[in-house]
Amino acid sequence: MTTTEKPGAELPLQQLDHVVIRFAGDSGDGMQITGNQFTHTSALVGNDLATLPDFPAEIRAPAGTRPGVSGFQLQFSSRDVHTPGDAPDVLVAMNPAALAVNIKDLKKGGIVVANTGNFKDSDLRKAQLEKNPLTDGSLEGFRVIEVDINSRVAEALSESPLSTKDKQRCKNFYTLGLMYWVYSRPLEPTMEWLATKFKNKPELVDANQKALQAGFNAGDIHELFQGHYEVPKATDLPTGTYRNIMGNQALAMGLVAGAKLANLQPVLGSYPITPASTILESLAAYKHYGVVTIQAEDEIAAICAAIGASYAGALGMTSTSGPGMALKGEAMGLAVSTELPLVIVDIQRAGPSTGMPTKVEQSDLLQSIFGRNGDTPMPVIAVSSPTDAFALAIEACRIAVQYMTPVILLSDNFVANGAEPWRLPSMDDLKPFPASFVSKPEGHQTYKRDARGSRPWVKPGTAGMEFRIGGLEKDTDGNISIDPDNHRSMTDQRHQKVQNVADSIPTPEVFGPQEGDLLILGWGSTGGIITQGVQTAQAQGHNVSRIHLTHVWPLPNGLDEIFGRFKAILIPEMNMGQMTRVMRSEMPHHNFISYPKVTGQPFLTTEIVDKIESLLSK
Amino acid sequence: MTTTEKPGAELPLQQLDHVVIRFAGDSGDGMQITGNQFTHTSALVGNDLATLPDFPAEIRAPAGTRPGVSGFQLQFSSRDVHTPGDAPDVLVAMNPAALAVNIKDLKKGGIVVANTGNFKDSDLRKAQLEKNPLTDGSLEGFRVIEVDINSRVAEALSESPLSTKDKQRCKNFYTLGLMYWVYSRPLEPTMEWLATKFKNKPELVDANQKALQAGFNAGDIHELFQGHYEVPKATDLPTGTYRNIMGNQALAMGLVAGAKLANLQPVLGSYPITPASTILESLAAYKHYGVVTIQAEDEIAAICAAIGASYAGALGMTSTSGPGMALKGEAMGLAVSTELPLVIVDIQRAGPSTGMPTKVEQSDLLQSIFGRNGDTPMPVIAVSSPTDAFALAIEACRIAVQYMTPVILLSDNFVANGAEPWRLPSMDDLKPFPASFVSKPEGHQTYKRDARGSRPWVKPGTAGMEFRIGGLEKDTDGNISIDPDNHRSMTDQRHQKVQNVADSIPTPEVFGPQEGDLLILGWGSTGGIITQGVQTAQAQGHNVSRIHLTHVWPLPNGLDEIFGRFKAILIPEMNMGQMTRVMRSEMPHHNFISYPKVTGQPFLTTEIVDKIESLLSK
Amino acid sequence: MTSATLTKKDFQSDQEVRWCPGCGDYAILAAMQKYFAEKGARPEKTVFVSGIGCSSRFPYYMNTYGFHTIHGRAPAFATGIKATNPELDVWIVTGDGDGLSIGGNHLAHILRRNVDVKILMFNNEIYGLTKGQYSPTSPIGTRKKSSPMGSVDRPFNPVAFAIGCSGTFVARTVDNDAKHMAKTFAAADAHKGTAFIEILQNCVIFNKDFYSDTVAKPVRADQTIDLVPGEKMIYGKDKDKGLRVNGWDIEPCSAEEAGTWNPSTDASAPALLVSNMDRNPGLPTPLGVLRSIDEPVYETSVLQQIDEAVAKKGEGELEDLVWSGETWKVD
Amino acid sequence: MTSATLTKKDFQSDQEVRWCPGCGDYAILAAMQKYFAEKGARPEKTVFVSGIGCSSRFPYYMNTYGFHTIHGRAPAFATGIKATNPELDVWIVTGDGDGLSIGGNHLAHILRRNVDVKILMFNNEIYGLTKGQYSPTSPIGTRKKSSPMGSVDRPFNPVAFAIGCSGTFVARTVDNDAKHMAKTFAAADAHKGTAFIEILQNCVIFNKDFYSDTVAKPVRADQTIDLVPGEKMIYGKDKDKGLRVNGWDIEPCSAEEAGTWNPSTDASAPALLVSNMDRNPGLPTPLGVLRSIDEPVYETSVLQQIDEAVAKKGEGELEDLVWSGETWKVD
Ligand SMILES: Cc1ncc(C[n+]2csc(CCOP(=O)(O)OP(=O)(O)O)c2C)c(N)n1
Ligand SMILES: Cc1ncc(C[n+]2csc(CCOP(=O)(O)OP(=O)(O)O)c2C)c(N)n1
Ligand code: SF4
Ligand code: SF4
Ligand SMILES: [Mg+2]
Ligand SMILES: [Mg+2]
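Protein chains in written order, with our numbering: chain A, 1 to 618; chain B, 1001 to 1618; chain C, 2001 to 2331; chain D, 3001 to 3331.
Chain A with its partners taken away, still in its complex shape (with noise of 0.2 Å):
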């Protein structure tokens, strides 16, 4: 059956370091399915890489137009990678639409695969051109490759019984059996995939994998291609198991994780919302791990629920993103007050209000940080990439119950649909951290606090110790209290237990110069892109330094007198400077540079690498 061994022997073979691939096709067209397999197959070819799927704002756009377009990005290399790269050097385009949405990204002298089966009249016109761009000299500069994969499809599944419609729907594997072609991958891990999938229809099988064998032959038979590449196996990724893991399945992987690493069961209470919605959707299926969900009526239910459990001796979570974020802010307080642990998940997605629910921004930020009445202080930690998620659900969990605090976890839209590969953790690597109760009343006070400045959690069921709790300032025994000199000091304490989070976390490493002119501060999704663009710089033979900060609130100790060495601070991020001004805030002495971006975009390395040339040769 195959024919992988030498794949296009009499074309010249290049071996390249790295190569971005976009495919966009309509939605129908089953873009993010080709995407996952040319993704698994890297993976499994030992590359590193890095996604991102592209989803219409809309369910279902009509056929064709251009809000129907569905992409699918994906960065496999030979070395390590943070990102799914800035611009493409590859574009396939099913469509007309997908084309002119698409084109503008496309690195100069890149390559576009034009599907022209899908190029009549009346495609143009859906996708609102009145010209064909494949004809009029509007894509000069980059080198375009034209299939009429619509027919090529047709013919190779001649034989089949399928119907004419049936068979187009084939029509992805072509096209991923071509580029499978160009990038020389085997085509066995999507043949077996092919038949695990459809094993109660083998029609379907068949059809499929004639089509990904048609694509693949075309490479070599048409010399369509002037050549093809080879990215070889990325060698410096550290040893183990993996998997490719998209960011939400991570983060609702860590949960279940965090809750067991603090012999808790785990209860979640939330609203779906764009793009926290599979957060949710992952958690109700891992009923077997104990895993109680309750879709509640709105955000602020949601929020409840998750601190009723956690009352009752569960270890409570929600999720949302920003519009929820904004509902939950009043229940926030309450959990502040009465001391109860709690993760509150926010993908953030490009605001304000409902703004862009399917792009990305980092503006929850000062929101998650002082959005609630009162002086009401919460640990805010952020997520980098798919993987860190899965490490920071669990971090987010262990904060909350050794603190017995809220906790607000943010990601974003880049993470959250982003996938890489995971490096199965061991056992090991988990350390527990069971949470304690209470069940002797001797010497016990509802708010009598341990070293880290926490206080002791009671189960309600537990005999001797029925006490009261709510939102109203209370004293150290759990009573309600206006005393002035009481609310001066419970306000200290919430405010110290909150401080003191940070002896529990390291100092962040920076890496390169451990001095210099100038430091990149990262966080959240910013890292990998930085990560990237400052190795770029330095190899560019830059003295540039990077550092990044996952625990954003309460800052980790250290930071100030790493800021010293540094001339200037520049911090990237997706949105206007929040964490300009929280640094600003906390460490006026220190000369912190904005970097804001707010297209509802995530950087781009050169974005980075540019800036940071200009900043180090003024």
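Worth flagging that the hints you see were computed from the coordinates, not collected in a lab. Among the hints, a few may not be true.
Straight-line distance between alpha carbons at most 27 Å, and here's what the computed DSSO-like set of lysine-lysine pairs gives [said to hold, decoys possible]: (1) D:K3045 / A:K448; (2) D:K3008 / A:K459; (3) D:K3208 / B:K1201; (4) C:K2145 / A:K199; (5) D:K3329 / A:K199; (6) B:K1459 / C:K2009; (7) B:K1459 / C:K2039.
Go by the hints and put chains B, C and D with the ligands onto chain A.
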């Protein structure tokens, strides 16, 4: 009827500059009426003054208990007064609970007037006192005047047809008469007030007037006091017509005036909450001014109804306190995104969560500036005193209408319930800022900006201008857009528009030396106390200045230059340092010193003075 | 503006409609545009207010004033709009998630207040826009993304909910019957007060044909009854089935024995009785007007009080406002 | 812990009760403490959850576990508590403002989900804690601080609301009748699922004796009917008045002709019919059990699915969680 001509001529009459007096008794004792009458009379004799009632947290705690104590403090003076005073010079205690709760505040050497008629064993028990403080030596250092007010009133009213119980309800007027004697006030204003108040119950008029007169006479006759006092009329008060006004009352009037000046109908959506409810209640009584009040089902509905009103062409308003503010964040974002005028009033109280609803705090500042998802800027202004509330409510309306933006108007418990004489503005002082509506389609775009950065306002009902708006990102035409450049541009425009407000406000004045070692920065209700404290410190020869911020976001122009003239800027505030944080993040190069107070109580003048001394002696 | 007759097209906005091909929302939109042309509506007098959801995109497609607000709060915005300008013809579009999940309370309160707005709830028993989680109207056992083993939450019956909130007009129609929609829109429009219409709507992507047993075209005649005020309760392809009351209950009978439908009785119990028929195997799903009573309209009373206050105290002037209370002079 | 018999006193907490002297809340508290002693409740197994309001201070005074949460959200907290530990006996205390104004949606949703909690709504037709504004249960025309010319909002009927939300147990009692309260608490307690009890409660400060025409002691016997499942609908000081059904209506009759009360019919219409009797001059105000049906309990189903999942897939281990999906090796 009156004998006030030569009050207590036999006893020495001493002149005082100012006096602080606190009336304290059971909720049912009528202390608020007593205090208000004293205030009214003092205003009429020409004193300047400021008052602060102190209501119990409970609606009606059991009689005689500590939680049931109701208090009213006022400062009256022959000079300009900025606060109700630190420690009272005189404490009138109608029962042991009132004494126990308030004695700690009394000035050293101050006078206690105690109603011994209520110091029976049962009364002491209700107040949870084991010994009688009048006899156990605990009042050493104070001048204690014991009067059995119960018996004296009974005697004075022996001829009255009232029941014994009703006679006893005249106790507060007896007490008031006594204090009138001590401070040489005329009885007429209160006599007249009683005559009007009970005009249909002549026996009540008679009894209360008799009690008042008897109390007044008692000062003389019984030689309870070694002398009495006079506080001459203030001579530094601007001429004009005055009335006494409470903060929330003034604020409500300001909202009506602001809407009138904008030529718009005021529509308030509100949900009751302490200490903001009286704004809703005041506005509900202004129906003949065209005010619509919607008592909504919750704070979210309240703000949404207000936004709906603005959408329909009225001036939408909403009033609440901290927990309610926390709920409004999402809707505020919509108002920012759709750029509709809106006034959001937050009467701050002590948090976090339900906190201490009847106690004061300024801890909603950061929530007001930052508590929303996305980059969602909004002007914030803060009221410093009861009369200032009128002016700033108008200012909030002006900004909202001229800049098509929601505006947050911050006040607090201290201002809301405090009162002071208000020099009534003339109509010429109130400058109109009429709103204009667009009705011509030519050249119109929904988000086309004028010189201020503000967009045009179209009233539904206008033919030919039909348009759709919402919370999704949109372009200048108002059409939904996810274009990256458009989002950057609109985000910038929203940001810039709010910054532009700074150009419409004056740079605040520095009082005292224009440069030096120390500048005290006040915002909101710390203003009065800082004024008083700085004046005191200046009088003591300290080189210290002060500045007050009315507009807390955006900051007024010129501050940077002003701050540059001082070595340090001290920021006293009733929170954990929120304004200090804002200042540092905006102008990190100045030396801001935070002076937080979080006891649920306002600063004392002495605390300001002491802090100044300690900083300047360093 | 002259009141030239407008056509359906005049109510189509210039925005591209972006629902999934085949979505029931298209039919509702078309029916509404047609109805607006027929009733002789003025675009400038009309405001469509919505929350968030596929259904809530509706206002963008009507060439009238429109406000796409935030999730669940449309009734609150509409209350503010009507209290400001009762002349505006305000229509709310909401979904089963927008209106009954996050927005249930605002829906309840506008119903009890009886604000003069028309509410269209597109009930597809699913959250469409967030890609297919079960909703508060999904039956127990619904297997969707967030309920892989089936939902365990008992659903609301939207019309019963509206009746419990003492709604003054409650009706039900379906996206596949343009005539019935038009008739129901007209009945709601004629009502003075809050009119609530549940529209059963097909979400072809996430909950395709959920109504195939009841209001789908092939079975509709036999599985539903159109309740028309003052008419006999008769249904069936051959108009041969009837309903009648028996004690606390409603029961099937022959067409001859059928009772007469009255949605305007003092008590709302009959409305609830019929609205709960779906639960009952032998009985048809009710469509049509379930409840219709006259009650005071909120914004009318609000404005009446203002008029009364003005009549009594005179129109308040800025000067009177400031120069009020007990005053004194300092010279 | 031994299960020694506890007395009423054992359910009194050490906190000083701070309602106004004369407030109806005292009587409800006493009745509850007495009932808890009589039912042999265990303090440690009991949780009182409340929102904000005078009524919501209740948990502080019960010597059990208690959670005084935020305004209107008690049902959501309670849902989280029950989904975590169904063994706990959870009672919600709320007011007409807390439960029907800001909290209406959560109340509606807990009712439809049928979480096994008991809800006591103290209805004094006023916001007590915020000092006397009209509430969503105040009749039109109520003149209070925020409605100087009388309120214009039509009120909710709490029991009708609960029925519209398909509540499985709905009852009404009054603070001045200790016996009736005890009986109603017991009936609610015996119900498996959400039990909603409206308690008419006298706010002596802001809405004194609002119920003087109906449930006040002097008129109660003649102005109210105690609806007891399975018993004849008879009332009056002399037990001489009756009620019976006639078509869509309920009507007065002699005691002999009275019908039998059944709150457990398939449809909830009879419950709504009687719950709306107050509106009707000739008919008595209903007290007692208006609705009582058996339906699946939310948290039972939640936990059952977990058990099923475990039975099918085995108890999930940390190791399995991480080592899932398609993996590959890098050596
Ligand atoms: C505050 C907030 N929470 C959640 C969401 C996400 N959200 C948008 S629409 C929707 C549900 C829509 O369901 P429905 O009202 O039934 O509309 P449909 O799409 O089915 O027409 C949800 C949960 C949001 N936009 N805002
Ligand atoms: C978010 C929020 N909004 C408003 C309030 C103010 N508030 C406290 S209790 C209450 C109403 C209470 O009415 P009800 O539930 O009837 O209780 P009652 O005092 O009458 O027993 C209100 C509006 C609050 N505490 N929190
Ligand atoms: S997801 Fe469903 S409801 Fe939404 S547009 Fe598509 S078919 Fe219609
Ligand atoms: S205000 Fe009313 S409800 Fe509240 S404690 Fe007092 S009497 Fe009871
Ligand atoms: Mg829906
Ligand atoms: Mg109440």
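Check: Where does the structure disagree with the numbered hints, that is, which hint numbers, in rising order?
Finding: none
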